[in-house]
Structures are given as C-alpha cells and as structure tokens.
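Start from the sequences, fold in the hints, and give me the full structure.
Protein chains: 2
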Amino acid sequence: MIKVVEWKNNSVVMIDQRILPVRETYRVYRTYRGVAQAIRDMVVRGAPAIGVACAMGIALGALKIRARDFETFKRRFDEVTDLLASTRPTAVNLFWAIERMKGVVERNKRLDVRDIQKRLVEEAKRIHAEDVETNRRIGRHGSRLLKNRSTILTHCNAGALATAGYGTALGVVRGAVERGKKIKVFADETRPFLQGARLTTWELKRDGIDVTLITDNMAGYMMKKGLIDAVVVGADRIASNGDTANKIGTYTVAVLARTHRIPFYVAAPTSTIDMNIRCGDDIPIEERDPAEVTHVCGKRIAPTGIGVMNPAFDVTPARLLSAIITEKGVVRPPFARNLKKLFKNGRR
Amino acid sequence: MIKVVEWKNNSVVMIDQRILPVRETYRVYRTYRGVAQAIRDMVVRGAPAIGVACAMGIALGALKIRARDFETFKRRFDEVTDLLASTRPTAVNLFWAIERMKGVVERNKRLDVRDIQKRLVEEAKRIHAEDVETNRRIGRHGSRLLKNRSTILTHCNAGALATAGYGTALGVVRGAVERGKKIKVFADETRPFLQGARLTTWELKRDGIDVTLITDNMAGYMMKKGLIDAVVVGADRIASNGDTANKIGTYTVAVLARTHRIPFYVAAPTSTIDMNIRCGDDIPIEERDPAEVTHVCGKRIAPTGIGVMNPAFDVTPARLLSAIITEKGVVRPPFARNLKKLFKNGRR
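Top to bottom, those sequences are chains A and B. Okay, so the first sequence: first residue is 27 according to the working numbering, each after it adds one. Okay, so the second sequence: first residue is 27 according to the working numbering, each after it adds one.
It is worth saying that the hints were derived from the structure and are not from the lab. Wrong hints could be hidden among the right ones.
Straight-line Cα separation of at most 27 Å, BS3-like style, residue types lysine-lysine; simulated pairs [unchecked claim]:
| no. | chain 1 | residue 1 | chain 2 | residue 2 |
| --- | --- | --- | --- | --- |
| 1 | B | LYS100 | B | LYS90 |
| 2 | A | LYS29 | B | LYS325 |
| 3 | B | LYS29 | B | LYS128 |
| 4 | B | LYS325 | A | LYS325 |
| 5 | A | LYS250 | B | LYS250 |
| 6 | A | LYS90 | A | LYS135 |
| 7 | A | LYS144 | A | LYS100 |
| 8 | B | LYS325 | A | LYS231 |
| 9 | A | LYS250 | B | LYS251 |
| 10 | A | LYS100 | A | LYS90 |
| 11 | A | LYS354 | A | LYS370 |
| 12 | B | LYS231 | A | LYS325 |
| 13 | B | LYS251 | B | LYS207 |
| 14 | B | LYS135 | B | LYS100 |
| 15 | B | LYS207 | B | LYS250 |
| 16 | B | LYS207 | B | LYS29 |
| 17 | A | LYS325 | B | LYS29 |
| 18 | A | LYS251 | B | LYS250 |
Pasting the structure below:
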C-alpha cells in the first residue's frame, strides 16, 4: 500500500504529491507549522488525507508544547489548531479532524499534560487507521453499483493518495475489482493541478487496473460515444441536502452525466458530510494562486498581464447525484432526508 | 495586424503558433513539403488559416514544377495536392482550398505552364485577402448578437491566429468592440494544445480586450455563477444539417450553455460549411499523438504505460446551436433548410 501520510518516530512522513509521478519522494515533518504548510502547498491533498495529516500535525504540535498546567497547554494547543484550520477552507475533513483532536483534550483535561499528549498521538493514529477501514467499507458498498465489464469516469484523484490508503472513488473501483469485476477507468487529467494525469493514473497502473488518460474537455466526447457507463468521484464537503463540493470540473462532469443519462456517484466517508450546513451555497470555495493556471511544471503557458481565475472546487447540486456511497451504506435521493437518517443511525 | 501566413518572395512565412506566447518566431517555408509538415505539426492551425496555408503551399509546389506540357505539370501538381490533403482530416477549409486551386488549373489548362503557375500564386494570395474580408463581415454580422457590457466565453482560438487575420469567433468580439460595445472574454485554456491559454489571451491582450483565462473544467462553474452571457466559438467543419466539428471540448461547452440557457454561437466562413455531408457522423475526427496529452511544454505529466486518447475535435449537434454566423449573414435554425438557402443565394 502507498504510504500517503505516516506517523514515524514523532514525525509525520508524507509522499510529495506535487512531484508524482516523475519522482517518488517522501518528506519528513517535525513541526506542526511544517505540516500546515504541506497542506497549504498540496504536498498532501484529498479531503480524507488532509484530515489525517491535520490530526497528525496537531499531535506533533501538542507533543512540542512545554506546559505543566492545563491552561497553558490549552492556550498553546489552540494556536496549533488555529493555524491548521487556516490552511484550506473547503475540505470539511480538516475541521472534523480538529474537532476530534479537541475532543480528546476536552475529555482528558484532568490528566497530566504528558498523558493528554500521548492520547492525542493515539487519536491521530486512530484517525489514520479508521480511514483505511472506512475506505474499504466504501469500496464494498460501492462495488455493488458497478457492473462487470463497465467503464468508469473519474475526476481528480479520490484514490489511495487522497486518503490514508485504498481511496474513496478509487476504493469503489478497487472494491469491484477485488470482487472479480472487470473495470476500466477513464481519468480526467484535472487541470490545473493535474491530479488525474499524475496521481490517478499512477496509482491505478501500480494496481494493474486498466486506466486511460483524457483531458478534462474530452469527457463529453467520451460520453457521447457511449464509452462511459458510470461516473464515480470523491468529495471535499457534502452539505446536509447532498450538494457536493469537489475538485473544480466535477460540476461539469455531473451535467454531462445527466445529459447522457449516466449514473453519477459520489464516494465519501461520513466525515466529509457537513450536517451543519443547509446547502452548497454555504460551502466556502477556495481561490488558489493564478500561477497554477498560467504555469505547468514551472513553465509559463500564458502571457503576463491577463485576468486569471482559479477556483479550486465547484458545487454539484444534489439533484445531479445518483447516490452517495459512504462507509455506512449507499445513500439515495432524497438526500436531505436520507442523510439525516444515516447520522441518526449512529456510526458503525 | 498579426501576420499569420504570408506570401513573401516565393516563400511562405508563418508565425510559429506552437511556441507562442513565450516567443514570437516566424518560419520561412520554401517547399510545399515544408508547408505540409507545418500544417501537420500545427505551426499553423485553425480551419481558415489552414486553408490559406494550404493554398500557398500548393502555389509553392506548383512554382517548383519543371514541365513543358500540361500533362506532366498536372501529374506533379496532383502529387502536391495529394500530400497537402493528407495533412489533417477534419478542417474542411483544407479541401476547399485544394478544390479552388485545382479549379484554377482546370480553367487554365490551355495556358503555358508558367502562366498557370502565376495564376495559382494569384489565387493563393486572393484566398488570403478574401479571408480577412470574410472575417470582417462575420464580425459585422455577429457583433449585433452581442449585448453591450456582456461577457463571452470562447473555446480554443478562433481568432486572428486561426485565420488570415481578424478572426471568426474573436472577429465577432472585435466587431462588437469596434462598434463601441464593452465586451469581456473568458478564454478556456483548451488542452491539450493550449490554444486558449497561449493564443487567444495573447492576441486579445495585444488588442486591449479584457480577457480572463480559465481551465477548461471551470466553464461550468462560471456559467453557474452567472458570469457568462454568451458563447462564441469557431468551427473546423459544419455539416449541411448544422452539426459542427470544432476543437475537442466544444461539445461540452455547448451542453453547459444549453443547461444554463446561454446562447451558443458558431462563427465560421461559408468555406467551413461542407454541404456534401449529411450530418456530423460523417465528419472524420483526427486522433493526434498521445504525447500531446502526456506532456506539457515538453515535460512529462503522466506515467508511462497507461492508455491515452487524444481526439482533436468533437461534434456539437445542430440542436445545441443558437446560430451560425457567416460572412453572408446569421443563420438560425432550422439549419438544414437555412444553410441550403444561404448557398442558393450564391456568394456575396
């Protein structure tokens, strides 16, 4: 299994996703500031992986705090979580991980600082382990939706590299393949960061899964040709009504899927579902550096002095979703009602 | 005016569109084989510009033929046109230019070879001059369709660089701007060849027209945000029923425009309309080198050993078109009937 984010000798080790597949480089972070910068710079990306990295960053930050009393510890701990909370605004898993880590502190405030620190490290490791298990469950539930000998289109990378391992959207593909189904994948290259071209193709090829790379603007052509049987994508944040923020371009794929009557599935852990917000309009959309659009691999492709926009995500309205595949099962429309039910039933 | 393709001292000079906007380099071609290779390699691209370059390439080839009798000349001339016909299959302007040049030979077969050669050079220059005039007419007709203070989305480059000058889709923008309208342009970057990022932004910026670059997968987001008032694109071949082949991704933009109830205009000279074919299914779609997808600016972005597809064009069905803007006027649906009428009325 690819080691995306790992806790190792009181440091966090991450594969540098900015330079894959050209080089497979692992970076070691010994401070929470380093981890925060790595999240911001997209050394690590993908909502679940961001959640795991964030939890480990917090554990790292907490470990370094020298405090005898809880109040001092808590004040410094809040600085750690505040910085991590400021790294990226859209993926809710970041805030979910922060809440889980804060809960550990809250529940253990009577313990010695060293014991709290120990429990924070344990919690971060637990979030990591749970994520892999969660993905395998998503894969099992989702695998039933994919027909044998079908071709899946995916956008961005919702694979092992976007999680602690196995993947969400690609977890569904892996789940189907492990159950003996023959699945082909078309991968949108996913400009500007090229997660599809660089990461999805790389990890599927490693697993021996048939993958074909296309540019983002070819998806419509492929659907019109009848080459795509289903779309499976990940999510960065799902509102309580099912509206889904995911990598820029996902909305376009969803419109195309609807036009061609192709099922459109979102695969995501329940930690990506934000029951506190009513709809997609409430999801903050990160606008990133224009240089990501005007440059590729460090080379300028556009003239200077022009306007550039670089929203990192878009929101697909719930009405375009055929189902949301979670570790707790497959949720069908109406999403507002069925997501509520999912959370009432409690975590499994 | 940008000098896209020029006849100069019995050679053809072209701006190298593969390396714009980083470098503005002009290449000189002295043989028809050189011109054919330049068309194939996309030194020159865009249906009308390909037509002009092809005509000049034929003139160049014809000039070099040493023959005393017509039969020898004609045999060698056919070799020239055959090679040029094999360069790119989709843009019909190539074949239209070949037919015009063949017509000159046919009509003048009783003249001396040197006189035929002279007339071929004149015809190539005429095709060049006509194209600029045609574009200005397209601009004039199309300008009426654009509202003052509106924002246009365009895909690929159907500008001065895609023609002998002025442009088709961008000719419409220029026509509106010249008539005092305030127009903003959003340019899809247009992977894999990045004509939008490299060429459309470059030529609009030169003209002082407000241009904003986005990646192809952002178009849906911009439309959903209400930022786009109309789409104007060029065409590589329009079937007699209005089905339109244009740069890959155009179909996706058309689906998005229909979904968001945004008018979708195709701007093209009548030389791009192929009345000999019934519908878009009959238009051959060029599949280009996978390296265009797996590499950007010579740098590899994807792993080796994966599948890659690289169709250079797609077909937008006529039902998604609001109008076709030609030099002879604006054609509205039903296109099959109205295109027939346009051609019956003869060339203006």
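Going through the hints against the structure:
Proposed proximity of B:LYS100 and B:LYS90 is supported: the alpha carbons are some 13 Å apart, at most 27 Å. Restraint check for A:LYS29 and B:LYS325: satisfied, since their Cα atoms lie roughly 26 Å apart, inside the 27 Å limit. The straight-line distance between the Cα atoms of B:LYS29 and B:LYS128 is roughly 26 Å, inside the 27 Å bound, and the hint therefore holds. In summary, the hint linking B:LYS325 to A:LYS325 is supported, as the alpha carbons are separated by about 9 Å, within the 27 Å threshold.
Between A:LYS250 and B:LYS250, the direct Cα distance comes to roughly 22 Å. Compliance with the 27 Å bound is thereby established for this hinted pair. Taken as a hint, the A:LYS90 and A:LYS135 pair is honoured in the structure, with Cα atoms around 17 Å apart against an allowance of 27 Å. Between A:LYS144 and A:LYS100 the alpha-carbon distance is near 15 Å, which keeps this suggested pair within the 27 Å criterion. Only pairs whose Cα atoms come within 27 Å are accepted, and B:LYS325 paired with A:LYS231 is accepted, the gap being roughly 20 Å.
The straight-line distance between the Cα atoms of A:LYS250 and B:LYS251 is roughly 26 Å, inside the 27 Å bound, and the hint therefore holds. A hinted pair counts as satisfied when its Cα atoms are at most 27 Å apart, and A:LYS100 with A:LYS90 qualifies at roughly 13 Å. With a CA separation close to 12 Å, the supplied pair A:LYS354 and A:LYS370 stays within the 27 Å bound. For the suggested pair B:LYS231 and A:LYS325, the alpha carbons sit about 20 Å apart, so the restraint of at most 27 Å is met.
Taking the CA atoms of B:LYS251 and B:LYS207, the gap is about 23 Å. The hint holds against a cut of 27 Å. A C-alpha spacing of about 9 Å is found between B:LYS135 and B:LYS100, which places the hinted pair at or below 27 Å, so the restraint holds. Under the criterion of a C-alpha separation no larger than 27 Å, the hint pairing B:LYS207 with B:LYS250 is consistent with the structure, at around 24 Å. With a CA separation close to 26 Å, the supplied pair B:LYS207 and B:LYS29 stays within the 27 Å bound.
Taken as a hint, the A:LYS325 and B:LYS29 pair is honoured in the structure, with Cα atoms around 26 Å apart against an allowance of 27 Å. Among the hinted pairs, A:LYS251 with B:LYS250 is consistent with the structure: their alpha-carbon atoms are about 26 Å apart, no more than 27 Å.
In this structure, every one of the numbered hints holds.
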